[in-house]
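Line by line, the protein sequences give chains Z and G. Residue 88 in the working numbering sits at position 88 of the first sequence; the count goes up by one each step and never skips. Residue 97 in the working numbering sits at position 97 of the second sequence; the count goes up by one each step and never skips.
Quick caveat, the hints were computed from the structure, so don't treat them as lab data. Treat the hints loosely; a few may be bogus.
[What the hints assert, rightly or not] Think about it this way: if two alpha-carbon atoms lie no more than 30 Å apart in a straight line, the pair counts; the simulated BS3-like pairs of lysine-lysine are: (1) Z:Lys9 x Z:Lys71; (2) Z:Lys71 x Z:Lys57; (3) Z:Lys57 x Z:Lys9; (4) G:Lys105 x G:Lys54; (5) G:Lys54 x Z:Lys70; (6) Z:Lys70 x Z:Lys57; (7) G:Lys54 x G:Lys95; (8) Z:Lys14 x Z:Lys57; (9) Z:Lys9 x Z:Lys70; (10) Z:Lys57 x G:Lys95; (11) Z:Lys9 x G:Lys105; (12) Z:Lys70 x G:Lys95; (13) Z:Lys71 x G:Lys95.
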Amino acid sequence: NAGVTQTPKFRVLKTGQSMTLLCAQDMNHEYMYWYRQDPGMGLRLIHYSVGEGTTAKGEVPDGYNVSRLKKQNFLLGLESAAPSQTSVYFCASSSGFGAYEQYFGPGTRLTVT
Amino acid sequence: GIQVEQSPPDLILQEGANSTLRCNFSDSVNNLQWFHQNPWGQLINLFYIPSGTKQNGRLSATTVATERYSLLYISSSQTTDSGVYFCAVPGGTYKYIFGTGTRLKVLA
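Can you make the complete structure from the sequences, with help from the hints?
Here you go:
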């Protein structure tokens, strides 16, 4: 049982390049989330999904797109990377919302130059 | 929306000391989690504790939901306890609100 995994662990992009971050969970969770963590800002929700085929915007969705084609995977895309997107990205999953525990992946450290 | 405040923001301890970290929240909640972010950046689940008290080794947590606070106790601290401790509660539609964290450094 691997829990929540993220690929890649580190990435450096040039401004304007695109990339996709992959999150996978093997706990059969319905809910999945993408957060970014910046110094002094805590964790902020980018997008989330309440089930296969669904996605919704969180607090800071601009510049990102997501897809949830399979229940176990949640993809975060950056179409045209900007230096402001330099951050650590965390994926999380839970069986429901509210009275349910969230489980986090190990994070992806992204630098945009 | 719900506000989450943690105190103290920073804490330095000698190995073996005990500490108490606090999480205050501004509205009633049905869930509260404590996480430890280690120096390598990993977020580790410590407790899922909407109310009552739980213990896991040297760590324990108490949530008093009616008074809107939770406490995390660390006893006989070790250098491996260093990192940032976050509490998080559900707030709004499918959004968890994280506190700004308590940064703990344990000195050998």
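Do the hints match the structure? See the list:
| no. | hint | verdict |
| --- | --- | --- |
| 1 | Z:Lys9 x Z:Lys71 | holds (22 Å) |
| 2 | Z:Lys71 x Z:Lys57 | holds (18 Å) |
| 3 | Z:Lys57 x Z:Lys9 | holds (24 Å) |
| 4 | G:Lys105 x G:Lys54 | holds (23 Å) |
| 5 | G:Lys54 x Z:Lys70 | violated (35 Å) |
| 6 | Z:Lys70 x Z:Lys57 | holds (18 Å) |
| 7 | G:Lys54 x G:Lys95 | holds (25 Å) |
| 8 | Z:Lys14 x Z:Lys57 | holds (25 Å) |
| 9 | Z:Lys9 x Z:Lys70 | holds (21 Å) |
| 10 | Z:Lys57 x G:Lys95 | holds (10 Å) |
| 11 | Z:Lys9 x G:Lys105 | holds (25 Å) |
| 12 | Z:Lys70 x G:Lys95 | holds (22 Å) |
| 13 | Z:Lys71 x G:Lys95 | holds (19 Å) |
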